[in-house]
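Undergrad: Sequence:
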Amino acid sequence: KNERSFAMTVEQALVRARAHDEHELEAALDAGARIIGVNNRNLKDFTVDIHNSERLRKLVPDNVMFIAESGIKTAADIDILRAANVNGVLIGETLMLSNDKKGMLARLGHGSGPCPKGGSDIVEDKDMRSEAWVRYRICE
Numbered sequence: 016k017n018e019r020s021f022a023m024t025v026e027q028a029l030v031r032a033r034a035h036d037e038h039e040l041e042a043a044l045d046a047g048a049r050i051i052g053v054n055n056r057n058l059k060d061f062t063v064d065i066h067n068s069e070r071l072r073k074l075v076p077d078n079v080m081f082i083a084e085s086g087i088k089t090a091a092d093i094d095i096l097r098a099a100n101v102n103g104v105l106i107g108e109t110l111m112l113s114n115d116k117k118g119m120l121a122r123l124g125h126g127s128g129p130c131p132k133g134g135s136d137i138v139e140d141k142d143m144r145s146e147a148w149v150r151y152r153i154c155e
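Residue numbering for the sequence shown follows the numbering used here, beginning at 16 and increasing consecutively.
Hints may be right or wrong, so weigh each one.
List of simulated lysine to aspartate or glutamate pairs, EDC-like, C-alpha gap at most 20 Å [what the hints assert, rightly or not]: (1) 73 with 60; (2) 88 with 45; (3) 73 with 115; (4) 59 with 36; (5) 73 with 94.
Read the hints as simulated data drawn from the structure, not as lab findings. Please read these numbers as outputs of a predicted model, since none were measured by experiment.
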């Protein structure tokens, strides 16, 4: 198991899109998006379903970075997304509602165990007092 590498130029990295359904996903791919964030929250009725990312991942080429956004609450959720070949997750509400953010990150990070070679599963985080935003590395 190795961490996936996504080598791209600065111009390619700037092409990032957010989608929720097949239509938005197709538009993002047609625009040349190299990074696609799939919102698992339906902004029409605010329901959340992480299986939205699982379903849409199958429609995105492997050379496009795929980030699941919203609805990630447990290590089991991360395991589902890892199995679906998702490249990363954006975790917000779960951390904002947690009184123990470090503990929550530790629980989320121990789904199927740590990434190989003892590397940290958490790539980057912002000030969680104001913005609970984390990029999470998902290993193959």
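Undergrad: List in ascending order the numbers of the hints, as given earlier, that are violated by the structure.
TA: 1, 2 and 3
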